[in-house]
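Participant: Letter by letter, the chains look like this.
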Amino acid sequence: MDYLIQQSLNALSFGAEYALIALGLAIVFSIMGLVNFAHGEVIAFGGYSMVIMGTLLTNNPLVLMVGVVVACVFASVALERVAFRTVRGADLTTGLLTAFGVSIILQNLFLLFGSPRPIAATQFIFLDQTIALGSIRISSLQVYETLTTILAILALMFFLRRTTLGMAMRAAALDFEMVRLCGVRANRVIAGAFAISGLLAGLACIFIMARRGSVQPHMGFDPVLVAFVACVIGGFGSLPGAVLGGFLLGITEVAVLILLPQSAGGLAHAVVFALVALVLIWRPDGILSPAREKGDKI
Amino acid sequence: MTPICQDRTVRARKATLAAKKTRMLEIKQLKVFHGMIEAVHGIDVSVSEGQCVSLLGPNGAGKTSTLSAITGTARSTGSMRLLGEDITQISIEDRCRKGIAISPEGRRIFGNLSVRDNMLMGGAMRKDRAALLSEMDEWFGRFPILGERAEQMAGTLSGGEQQMLAIARALLSRPRILLLDEPSLGLAPQIVAKIFEIIRELKAREITILLVEQNAAAAIGVSDKVYILNNGVITRQGTASDFGDGSDLMDELTGVHS
Amino acid sequence: MKLLALNSAQRQGLLGSALLSLVILAIVGAYYLWGESYQARMLYAVFVNLLVVVGLQVFTGNANITSFSHAAFMGISAYVAAICVTPMAMKVISLPDAPWGLNAFELSAVSSALLALLITGLLGLATGLFMARLTGVGVTIVSIAILVIVHSIFLYRTDIFKGNQALFGIPKIFDLPQMTVLVIVAIFFARMFRESAVGLKLRASADDEVGARAMGVDVFRVRLIAWVIGTLFFAAAGIAYAFYLGTISARPFYFNFVFLTVSMLILGGLRSVTGAVFGTLLISIGLELVRWLETGPNIGGIKFPEVLGLSGLLLGVVIVAVMAFMPNGIMGNREIEELVKRKR
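Residue numbers (our numbering), protein chains in the order written: chain E, 384 to 681; chain D, 197 to 454; chain H, 3 to 346.
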C-alpha cells in the first residue's frame, strides 16, 4: 500500500512535469501550427540565467525563481519575434525545420559561451527533501511539482475562458484570420501564446534545476522530446490532450520501471516509446485530437 | 412591412439625397489578386453614408474577392478610401478599428466558443466594457434564440442562428460600414426572409451596408444602389428602382452569355 | 521491340542523373590526380552521407514529410553487416558475450550485405505500414521515437552491439571505387523513382493531399513504397560505412548525424536529387573549413582560438537561413539538366 502511494506520487510528479512542458508546446502549435523544437532551449536559457543571476545578483531562491520564470518568458517571446516571425504562415515542414535549426543554434551558443561541462547551480535543491508521513516516504519536490502543475492548469483555464486575449487565442486556434477581422492584433495573440509557453517552461525549469542542480547545453532537449511525444499521443494542438498525454507518459514510465527487472532500467525509455507507437497505430491523430472542420458549414 | 412600391419611392428619394451625403467608402480601379491570378479587373464602387449597396453576380464573379480586398485579407491594387482616408496600406486589424466589420462568407463564427464569447469577440477591440455588455443584451433581446443558447457552443447552432450571430458579432464592434457576404446562402426561405428583415431594420437605423448576394430579388428589395459584377468587371450599375425585381437579370446572374 | 517506354520527364531524369554522375566522377578524378591519401577517408565519408541524403530525398523530399529515423536504419544495417562479415577469430575477441552464437559464424561480404539489406528492409516495411498512415507531425514524432528506441537498444544490448564502445575487427571490403559506383547507382535510382508514376503521385500528394486522393492516388501505398525504398538507401549507406571503417559504435547513429543530413537536404533543396547532391557537397566542404577553424588554425602567423560548437552553430544557421529566405533550397524544384538547358 505504501509502495503504491509512493509510486503513484512518482507517476503524478513525472506526469506533471511532462504536462507542463507539453502544454507550452500545444499552445503554440494550436494557434500557429508551429512545432516549437526550440522550446527546450527556453528551459536551458532559464537554467543559464539562473547561474548568471546567482553569480551576479543574489542567491535568494525566491528571487531566483522569479528570475528564472521571467527569463524563460523573455526567451520565448524573443524567440518568436526574432526567429519565427519570418516563417509565420508557412507550411508545417518549414516551421518545424526552422524551429529545429533555431534549437541547434541555441544549443551551440550555450556550448560556445557557456561550457560543454555542467555548471553547478544548486540554489533550488532545498526543494527536494524527503518527508515522512507515517510509514510513507515522499519527496517534497514531487508534491510541489504536482500542486504547481494543477494550479498552473487551473490558472490557464481561467485565462483562456474569461479574458479577452485568452478567448482570442482559443478562437485563433480555429480561425486566426477571423480573429484579426474582429480587430484583435495577430502579434498580441501570438506573443501571448509564446509568453504563456515561456511561463510554463519557467516553472518546469525550476523543478528540473531542483533535481539536477546543474546546467548543460543540452539539458532542455530530453524533457522536450518526451513532451513532444506526450502532445502527439494526446493529439497535437489539443490542450487537454497535452495534459492527458503528459500524465499518461508519467504513469507509463513509472509502471515500466516497476514492472521491468532491475537490469533492464535503461530500456524503460525505449519501452515507453514503443507503447507510444502502439497508441499511434490505434489512433493516428492522437487520443484527443482537436476537431478539424472539413468543408464549409452552410 | 411596407408595400413594395412605397418602399421604392422612399428609396429613390434617398438615392438622390445620397449624392449629397458623405462618401463612406470610395473604391477606384480596384484589382484583386489571389496569388498570381487576377480575380477583379479594375472596378469602381462607392457607398454613401446610410446607404445599402448591393454587389450582385454569379459564382466566381469576384464579389467575395472585392470584400476581401476591403477588409485587407486579399492583395489588391487601386485606391480605397474610408470617409476620405486612404486605407490601402492599413493592416486587417486596423481596418476593423477604423470601422469596417464583416459577416463573411460561410459565417465563420468561432465554433469552439460559446455564443456569448463569440459576441464578446466582436467587441474585443472596444474599451467600454459596460456599454458592450448592455449592447449584447440588446442583441439577445432582438434575437431571443441567441439569448436562449448564450452559453452553448456556437458550432451547435443552425445556419440561420449562426448568421444572426455573425451579424451581431460584426455590429458589436460599432462599425462605420457593415460588409455582408451572402447572408442568405444555404438558408431556408423563411430564415432568409427573417435575415432580410434584420437588414431592413439596420438600414432604418442608418447603418451603412455593402451587401454581396446571389439572391438578387431580396437584395434589390433592400438596397439603394446596385452593382452587377461579372467575371471581375462591373457590367451594370444604378439605383435599385432601375432594376425592378431583378427578373431580367437572370442571364447576368447565372453567368450565361446570350 | 518496345523497351522501356520513357516519357519526357523520365528521359530528362536519365540525363540529369548522368550529369550528376559526371560531377561525382570529376570529384573522384580530382582526388586521384591531386589528392593526398588521408583525403580518401574524407571523400568516402562524404559519399556515405550522400547515399543517406539521396535516400532522404526519396521519402522526405518527395512526400514533404520530415522524418528523423534514417540514422537508426543505417545503424541497424551497419551492425548486421559488420557482425556477419567479421571473421570468427575477431568476433571472439570483440564480442565475447554475444548471444545466439553470433560470434560463431561468418558470412561472405555479399551475403552479409544482402542479409543487412533484408533485415533493414523488413523493418522498413513494418515501420512503414503505420508511418504511411500518419499525418505529417505524427510521422516526425514517431520517427524520433524510432531513432531513440533503436539507439537505446544499441546502448542497452552491449553484448551484441557494444554500446558506445567500438565494435572492431571488421575487414575492409569497400573502397573508393566501389563507393563511387554505389553512389552513381543510387543517384540514378532516386532520380528515376522521382520521375516514375509512383514518384509523381507521391509528389502530387505532398502538394495537395486531398486533391491527390480525389484523383484516385492511393496515398498510403505511394508513401509506403517511398518509405521502404528510402530505408534501403539508408541500409546501403550503413553497409558501406561498416565495410570501410573497420570499427563502428552506436554514437554516430543519433541526433547529430540526423541534424547534419537533414540540413544537407534542406540546403540543396529537398524536392530534387540534384539538391540532395549539391547540398551534401556544399555542407561537407563548409564543415571541413569550419572544423579547421574550430581547431584554432594558424593563419598568417595569427593563432586563432579553439571554438567548440562552431560547426553545430553553422548547421543551425544554414537551416534557419534557408527556411527564411529560400525554403525550397538552392535548387528549388529544379534538377541539374534544367540548369544546363537554361544556359544554352
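It cannot be assumed that every hint is accurate.
To give an idea of the interface, some chain E residues facing chain D are shown, with a C-beta separation under 8 Å as derived from the structure [claimed, not checked]:
id, residue
1, R500
2, I502
3, L537
4, M550
5, A551
6, A554
7, D558
8, M561
9, R563
These are computed hints drawn from the structure, not numbers from a lab.
We put the CB at the ideal spot given by N, CA and C, even for glycine.
Participant: Confirm or reject each hint.
Facilitator: Hints, verified against the model:
no.	hint	in the structure
1	R500	48 Å, violated
2	I502	44 Å, violated
3	L537	19 Å, violated
4	M550	5 Å, holds
5	A551	6 Å, holds
6	A554	4 Å, holds
7	D558	6 Å, holds
8	M561	5 Å, holds
9	R563	5 Å, holds
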